[in-house]
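Engineer: Here the protein sequences come in this chain order: A and B.
Residues in the first sequence are numbered consecutively from 1, following the working numbering.
Residues in the second sequence are numbered consecutively from 1, following the working numbering.
Don't read these hints as lab results, they were simulated from the structure.
All values derive from a computational prediction rather than experimental measurement.
Treat the hints loosely; a few may be bogus.
No copy labels: a pair is met if it fits in one copy or bridges any two.
Said to hold, decoys possible - Simulated pairs of lysine to any residue, SDA-like, Cα-Cα distance not exceeding 25 Å:
id, residue 1, residue 2
1, K101, W112
2, K53, G92
3, K45, Y75
4, K53, V35
5, K97, E129
6, K113, E135
7, K45, V137
There are 2 protein chains.
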Amino acid sequence: MLNNFAPIVLLLLLVSGCNPQSNHKLTSGVHIENVIRKGSVIKVKPEKLEFYKSLHANPWPLVDSMLTVCNIRNYSIYYRDGFLFSYLEYTGADWNKDMEKLAADSVTQAWWKLTDPCQEPVESATQGEWWADLEEVYHLD
Amino acid sequence: MLNNFAPIVLLLLLVSGCNPQSNHKLTSGVHIENVIRKGSVIKVKPEKLEFYKSLHANPWPLVDSMLTVCNIRNYSIYYRDGFLFSYLEYTGADWNKDMEKLAADSVTQAWWKLTDPCQEPVESATQGEWWADLEEVYHLD
């Protein structure tokens, strides 16, 4: 009897864990995922804008896959009026550790060697800050 | 034999349809959801910033629920350096129709009566544009 129901129980557990509208995903009371949202801004140099856009129109597959390995998903970069705005969701447990892993990746380093010269921090960025954090003032799941 | 496998097949179909990393969710080849992402920017008047933030720290439940009814989800508003940036996902079939429905809602109108005076369009906004569209230059699911 138990065996007959096992696939159904597994099904319910999986479905309850993949509701895309919830940031706090619970399965039978066990916390299995916590999404951190992150918004950032940086300036793009006018003479480098088209190059930056062309790079990102056809991003290197290994750059994308390394971001995924480092628990980044639903990552968008927007442009307007000389600024780049990014929105991403982080599903890992240790942001700093994952960012160190990303920075240690040779393909990502080669990508940044092309993208970094296109950018410069906003005037209000703190010392050493590249992409500057935005402050979340509202969120609706 | 077929009956024994039926729950497994159902499980696979549902799991394939609820991958949170996919914008195009397919179940048995039927297109069931298409998410449109939207980034926007507007200025916030310095003297109204704290009021705007306090409103959005405790948004009216009916404003939130009307956004949900109008197929808006995963909606965040960020602040930095005098600007508000928004990111949202739209899951409906007719953006203009849903925006008309939202604008016709009396509670939303009362909310906007408070929030509109806090904002002003960016200099580059087109005639009649309130929140100005950002251009998506990159996306990773």
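Engineer: Next, verify each hint and record whether it holds.
Structural biologist: Results for each hint:
1. Only within a single protomer do K101 and W112 lie at most 25 Å apart by alpha-carbon distance; the minimum there is 14 Å, versus 44 Å between protomers.
2. In this assembly of identical chains, the alpha carbons of K53 and G92 never lie at most 25 Å apart, being 28 Å within a copy and 29 Å across copies at closest.
3. Proximity of K45 to Y75 under the C-alpha cut-off of 25 Å is restricted to the intra-copy arrangement: shortest distance 22 Å within a copy versus 29 Å between copies.
4. Taking identical chains as interchangeable, the C-alpha atoms of K53 and V35 lie at most 25 Å apart only when they sit on different chains, with a minimum of 22 Å there against 28 Å within one chain.
5. Taking CA atoms no more than 25 Å apart as the test, K97 paired with E129 passes inside one copy only; the shortest distance there is 17 Å, against 42 Å between copies.
6. Taking identical chains as interchangeable, the C-alpha atoms of K113 and E135 lie at most 25 Å apart only when they sit on different chains, with a minimum of 24 Å there against 28 Å within one chain.
7. Only between protomers do K45 and V137 lie at most 25 Å apart by alpha-carbon distance; the minimum there is 15 Å, versus 28 Å within a single protomer.
When the structure is compared with the earlier hints, a violation turns up for hint 2 alone.
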